[in-house]
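Assemble the complex: chain A is given as a structure, and chain B must be docked to it using the hints.
First to last, the sequence lines map onto chains A and B.
Just so we're aligned: 165 in our numbering is position 165 of the first sequence, and the numbers increase by one with no gaps anywhere.
Just so we're aligned: 1001 in our numbering is position 1 of the second sequence, and the numbers increase by one with no gaps anywhere.
Possibly wrong hints are sitting among the right ones.
[What the hints assert, rightly or not] The calculated DSS-like cross-link candidates involving lysine-lysine, where the alpha carbons are at most 30 angstroms apart (straight line), are:
(1) B:1041 to A:228
(2) A:101 to B:1241
(3) B:1246 to B:1138
[What the hints assert, rightly or not] Some but not every residue of chain B turned toward chain A, in silico, with C-beta under 8 angstroms:
(4) 1007
(5) 1009
(6) 1022
[As the list claims (entries may be wrong)] Here are a few chain A residues that sit away from chain B, every Cβ distance over 12 angstroms (derived from the structure):
(7) 59
(8) 65
(9) 127
(10) 160
(11) 164
(12) 176
(13) 227
(14) 229
(15) 230
Note that these hints are calculated values from the structure, not bench results.
Note that beta-carbon positions come from the ideal geometry of N, C-alpha and C, so glycine has one too.
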Amino acid sequence: MKEVNLDLFFDRLNYYQLSLAAFAIAGLFGYSLLSTAQRKNEAVRLSLGILVVVACYELIGTFVGAQQIVNNWVYNLFNSHVAAILFFLLLRSFLKRKSHKKMVNILIVLFLLTSLVLHLTGFVHYNDSGEYISFLNTVLMLCCCGLYFIELITLDEFLDVDPLREFSFWASTAILFYFSSSFMIYISHKYLYTHHLDIYYMVREIPTNMTLLCNLLLCMGIYSPLIKDRFKLEIIHV
Amino acid sequence: MSEQESQFLLILFGGIFFAFLMSLFVVGMVVLHRQRQVQNKQKISQIKSEHEKTLLNVENEIQQETLTRIGRELHDNIGQLLSLAKLNLNSPKPEKQTEGREYLNQIIKEVRTLSKTLNLDWLESVSLDDFIRQQLEKIQSTGFCETALESDGSFLELNKDQKLVLIRVIQECLNNAIKHAQPDRIDIRIAKNNLSRRIEIQDDGTGFDPSQASTGSGMSNLKKRMETIGGKFYLTSEVGKGTTIKLELPV
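So here's chain B without its partners, still in its complex pose:
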C-alpha cells in the first residue's frame, strides 16, 4: 500500500469514526430526551391519580358530613315539626288544624332544602365567601366564639375541584380550631396580590407546637390537598399564642 493510499484510508476511517461519534452523541441525546418524556408521563399520571384520589376522598368526606347533618336535621328539626304537625292535625279545633297545615308546609320547605344538599351540585351555586360566612355564622350562633370575615372577593372565581378542596380544607381548619384550640375569636381574611390569592385563618386559641408528630400528619394531609389544586398550605403556631393558617392559590 502506497503512502498516499494509507493516508487516504486514515483520513477516511478517521472521518467515519468522527461522524459515527457525532451521530452517537445526537442519538444519545434523543434517547435521553425520550427517557425523560417517559419518566415525566409516569410522574404526571401518578400526580393525576393522586389528585383524583384526593378529590374522591374530599367528596366522600363532604357527603358523609352532609349525611350526618341531614340525620341531625331530620331528628332535631323535621322530626319535631312532624310531631307538632301530627298533634295539631289530630286536634278537633280548626285553628290547630290550620297550624298543623302550616307546619306541613314548613316541613315540605325544609325537606326541599335538605334534598338539595344531598348531592354536591350546591357547590356550583354557593361562592366560597358565602360558604365561609355560613360556617362562621354557625360557629358564632352556638356562642362558642366570635368570628369575622374580611374578603376582597378574590376567591369568587374557582373551578369545582378547587372549591371542593378549599371548602374541605377550611372546614377541617375550623373544626380543628373548635376542637383543640378553644379560641375566643376566629378571623378569616381573604386577599390577593400580584402573584397569589390567600385565605388566612387566624385564631387566638391555645396554639400548639407544629413540630410535634401527632399534629404533623393531619397538617401534611391538608398540605397535600392544597398541592393537588396547585396551592400552598402554611401553618404557624406557638403554644399560648394561637394559630395562623395560610392557604395560597396562584392568581
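This is chain A alone, in the form it adopts within the complex:
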C-alpha cells in the first residue's frame, strides 16, 4: 500500500489554502457567536457552507495532489458542483420574487441533469479539466446574477436599500466576477498548460485571488450582524 505523503502536502500548502482554512475557521467561530435568530438567516448559513466547502476541497485537492494522484475530480465534484450549487442557493436567497426563486431552482435542476447526462454519456469525464461543466455553471450563475440585478433596479423593496451597503449586492458582484474570471481560465486551461506554462501560472492567480476576495466577503457577511450588535456599526447589511 502506498504511503501517505504528508511532507509534500505541507510543502504545497501556501497562503491560498491557509487563508481559505482561516476564513472557514473564522466563519465557524463567528457563526457560533451569532444569536439563534441571526443563525436562521439563509444568507449567513449559506455563506458559512461555502467557506467550509471551499476550504475543505482545496485542502483535499492539495492532499490528493501531494499523493501524486490526479486531483481534478476533487475540483470537478466540489468546486463545479457542490460549491456552485451553494452559490446558486446564496443568490436565490437574495431574490425577492417567488418566480425568480423558482427560476433558480429550475436552473439548479437543469445544471445537475445536464451534468449527469454529460457524465453518463462519457462526453465529460470526472477527472478531466472541467471546461464544459464550468461553462455551464458560469452561464447559469450569470443568469442568476442577472436576475438579482434586474430585481435591484425594478423592485420597490430595493428602493430603501443602499446597494453599496448591502451584502447581497457585493456578494452578487463578487460571484459575478469570480465565476466569469474562473470561466476564462478554465476554457484556456488546457491550452495554456500545454503551450505556455508560465502564462498559465500567472493567469491562474486571478481566480485564486477572486476566491480569496469572495470568501473574505462571505466571512464579513457572517461577522456583520455581530459587529452591528456589539459596536452599533453596520458595515454591511446582511
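Showing chain B alone in chain A's frame:
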C-alpha cells in the same frame, strides 16, 4: 515581440477589457438604482404635498360648514332664546324672571356646545358611526327621506386624517344625494372582510349617468381624497335606479 509575449498581452488586455465591461455593468446598475431612488423620493414628496393639500382643503371645508352651521344656530336658536330671555327678564313677574334665568342657563349650555365645534378637536371624540348616525338623524328629522345605518363597527379605529377625509366624503355623498337624487330612502352599510372595510351609501333616487363629464369632476375629487388616505372610491349609478357609493379602506 515574440508569439508568447503577444499572446500574453492579448490575454492581459482581453481580461482587463472584460473586467472593465463587468465593472461598467455593476456601476450602471448602481446608477440606475440611484436614479430610481431619486425619482421615487420626488414621487413620494409629491404625493405627500398632495395629501397635505387635500387634508387642508378638507379641514377648511369642514370649518366653513361649521361656521355656517354656527351662524344658523346663532340666528335660529340662540338669537331666539336671547330674545325670549330678554322679554322674560324685563317682565316684573317673578315667575317670568325665573323663566328668563332658565333661558339664560339654556343659552350658556348652547353656547358651550357651539364653542366645542369651532375647532376640529370634536373629531377626536366622535366615532365615525356616531357621526353618520347624527347626519342621518338630521336628514330624517327634516322629513326629507327615510334613513338607515347598519354597522359592524369596523370603522371605529381610524386616525384623525382618515376620519377627517371620510367624514368629508360621506358628507359630500349625502349632500349630493339630497341635492340631486330626491331619494325616498338612504341606506348606509358598514362592513368588513379579510382584506378591506367598506362603507356603502345607497339611495333609491333618480340616479344619473356616471360617464357624463359634468358629474365626473366632483366624483374624481372624492376618489382622489379617498386615495390620499390609502382608500378606494367606487360609484355605480343608473338613471332611475338610484346610486351606490362604496368607500373602501384596507384592514
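To see whether the hints hold, each was checked on the structure:
For a cut-off of 30 angstroms, the pair hint linking residue 1041 of chain B to residue 228 of chain A stands: about 27 angstroms separates their Cα positions. Proposed proximity of residue 101 of chain A and residue 1241 of chain B is contradicted: the alpha carbons are some 51 angstroms apart, above 30 angstroms. Proximity of residue 1246 of chain B to residue 1138 of chain B is assessed by CA-CA distance (about 22 angstroms); at most 30 angstroms being required, the pair is judged to hold. Below 8 angstroms, beta-carbon pairs count as interface contacts, and residue 1007 of chain B has one with chain A at about 7 angstroms; its hint therefore holds.
The interface hint given for residue 1009 of chain B is broken, as the beta carbon of that residue sits about 10 angstroms from the closest beta carbon of chain A, more than 8 angstroms. At its closest, the beta carbon of residue 1022 of chain B sits 6 angstroms from a beta carbon of chain A; the interface hint therefore holds under the 8 angstroms criterion. Non-interface status of residue 59 of chain A relative to chain B is upheld: no Cβ of that chain comes within 12 angstroms, the nearest being about 28 angstroms off. The claim that residue 65 of chain A is not at the interface with chain B holds, since no C-beta of that chain comes within 12 angstroms of its own (minimum 25 angstroms).
No Cβ of chain B comes within 12 angstroms of the Cβ of residue 127 of chain A; the nearest lies about 26 angstroms off, and the non-interface call holds. Consistency note on residue 160 of chain A: stated as away from chain B, yet its beta-carbon is not over 12 angstroms from all of that chain's, at 8 angstroms minimum. The claim that residue 164 of chain A lies off the interface is violated: its Cβ sits roughly 7 angstroms from the closest Cβ of chain B, which falls inside the 12 angstroms cut-off. The beta carbon of residue 176 of chain A is not kept farther than 12 angstroms from every beta carbon of chain B, the shortest such distance being approximately 6 angstroms.
Non-interface call for residue 227 of chain A relative to chain B: holds, since the shortest CB-CB distance, roughly 23 angstroms, exceeds 12 angstroms. Every Cβ of chain B is farther than 12 angstroms from the Cβ of residue 229 of chain A; the closest lies at roughly 28 angstroms, confirming the non-interface assignment. At roughly 29 angstroms, the least C-beta separation between residue 230 of chain A and chain B is larger than 12 angstroms, which holds for a residue marked as non-interface.
In this structure, the earlier hints numbered 2, 5, 10, 11 and 12 are contradicted, and the remaining ones agree with it.
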